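J.: Sequence:
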Amino acid sequence: MKISAVSGNTILYGAVRQNKEEKKAVRKERCREFITKNKTYLEAGAASIVIGGIFWAYHGCKGKYTGAVNGLNGIKGLRVLNSEIKRFAEDIPYRKDLIKGIGGKESDYVILRSVIGPGEYKSIVKEFSDTPVSYSPGAELVTDIKDGFDMSGKISQKYRANLHIHTNHSDGRMSVAELLDQSAKYADTIAANLKKNPEAKAKNAPFTIAITDHDTLEGCKEAVKIIQENPEKYKNLRVVMGCELTVENQLLEREMKKPISIHLLLHGINPFDEKLNAYLNTKKANRMQLVKDIISQSSDLLAKEYPETAAKLSYDEAKLLCAPIEKGLLHVDGHTRDYVYYRTMFTELFEKNSEIQKMFAAKGLNPAGIDYLSPGKKYLNELSFHNNGREWEPYKDIIERYTAELLGIKKEEIAAKMVLPSGMEKIFREISSLAADARPRLKPLQPAYIDMEEFINFFKNQQYGYMSIAHPGLINIGQALKHTEESIPSMFNMFKKFKEHGGEKAFCAELYYHYFGEVGKSKKWLNKIEDYARAAGLTPSGGLDSHGKSIFYSDI
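Mapping of the sequence shown onto my numbering: position 209 corresponds to residue 200, and the numbering continues sequentially without gaps.
Everything labelled a hint here was simulated from the structure, so no lab data went into it. This structure is a prediction, so every number in the text was calculated from the model and none was measured. Just to be clear, a hint being listed does not mean it is correct.
Claimed, not checked - Derived Cβ-Cβ restraints for the label pairs, each shown as a range:
id, residue 1, residue 2, range
1, Q470, E396, 18 to 28 Å
2, R78, Q288, 54 to 64 Å
3, A526, D141, 30 to 40 Å
4, I547, Q288, 30 to 40 Å
5, K519, R164, 25 to 35 Å
6, G94, Q454, 14 to 24 Å
Glycine included, each C-beta is placed from N, C-alpha and C at the ideal position.
Sequences and hints are given; from them, build the entire structure.
T.: Rendered as structure tokens:
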């Protein structure tokens, strides 16, 4: 059969059209595959454009020229942001969980760019693993205070990370806002220098900090909220969500008298995780109950001979004097015992002391307006303890000093009139024994304390985070062993067991830590510790253990 030209062209056209449709279908399928494979990156890019657009639209409203410049800078900034997010794409789900934790939308996770997840955290720690200077503001100075540095690391900007910082949510003195602002300014200074000197390349961010409050996640939660309110302000800073826990180690292959107290740093955790919060809150409640029990038992001991004094002891009052008691931090047995000493002596030596009351009246002063907190607020930070079995004496001393100052006379005159009642020292020793009985013991461990093995097993099931052994040079293994000569091999055994039980979650040892005093002089011992930690497969990290008002000191 002959085919006409028209019908032939029609068939040809139909074949070509069918071929185009097939190609179009193939392209659609490839697009779907690309989107599926790169969903994470595409989400990051979209979110970056939206959030970045908001930032720079705001700046553009300030003026045409400024708006134009900032607009161009915004485009560059978005490219950098996209590049960074793609580099650590595994951290995107982490930021999404954090943004959900503060009630935000998952799609806005990019505003938490400053908060780093597991991927970027490991990159930073590995980059600085062989450079102790990265964790130091300078060479150590020999001073009369707890710490001091010549600030050469700060000046040269080689100081790039502090992964051990406390805020006023635990026993630090800096607020979270103060910490973030101070750190961001230093990070901006480094970033500006890197911009001027392109040859001074930095693999990771200008400056990184970790918030590691004792036994609480509240400081981290506050930091996330502050950063999301003004992400541009913290663009050059990287913040690690963390916590410091005191755990009791019973894993050693040695005969032990008691558990070894070890501080564990947690890094890259989700502070909003329900299970982690529930675990910490349960331990906190148990510690608070322990405080109440010690106060109640101490009151019973005093009530036999000093009922009026015993009646003044209270948990609510103890919280006003001591932050660890108020916040349920660390080992509270010693803090509670000291509260009982101090409160008892203030009642007996000041409130019930008729001679002292007459001296105040003679000066026209009203002693009733002086509460038991006043001497402590002024002098507690200056206490000097001595191991003579009389732990109450420093508290007696500050009451004497404060009273002498108010009356304008010599302390010796006051001391002669402030004499403990007969029998009080015996009661104090009984209270000391009572508190000692509440300290951590071998299995079964009291519920107020955290067993290291138990916690490691719990933490291995956490979606995010790594563990680090904090300041290993301060771990007193010898005190816990029946045979103190086994201290050195036991240190390696401790690192080894930590790594074996924790696996990849047991990531670091805080080897770049500044030890002042006698520990700092033991270079040979500290070098052994570093060798043992590395041999056990732990990565070195560092921090200043900052408790004061500065990211450049430990306690200033």
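J.: Is the gap between the beta carbons of K519 and R164 within 25 to 35 Å?
T.: 34 Å, holds
J.: Could you check the hint for me, namely that I547 and Q288 are 30 to 40 Å apart, CB to CB?
T.: This hint holds: roughly 38 Å between Cβ atoms.
J.: Taking 14 to 24 Å as the hint, is the beta-carbon distance of G94 and Q454 inside that range?
T.: Distance hint for G94, Q454 holds at roughly 20 Å.
J.: If you check the beta carbons of Q470 and E396, does the distance land in 18 to 28 Å?
T.: 38 Å, violated
J.: Take the C-beta atom of A526 and the C-beta atom of D141, compute their distance, and say whether it sits inside 30 to 40 Å.
T.: 32 Å, holds
J.: Is 54 to 64 Å right for how far apart the beta carbons of R78 and Q288 are?
T.: Holds - the Cβ-Cβ distance for R78 and Q288, about 57 Å, lies within 54 to 64 Å.
Hint 1 alone, counting from the list given before, is not met by this structure.
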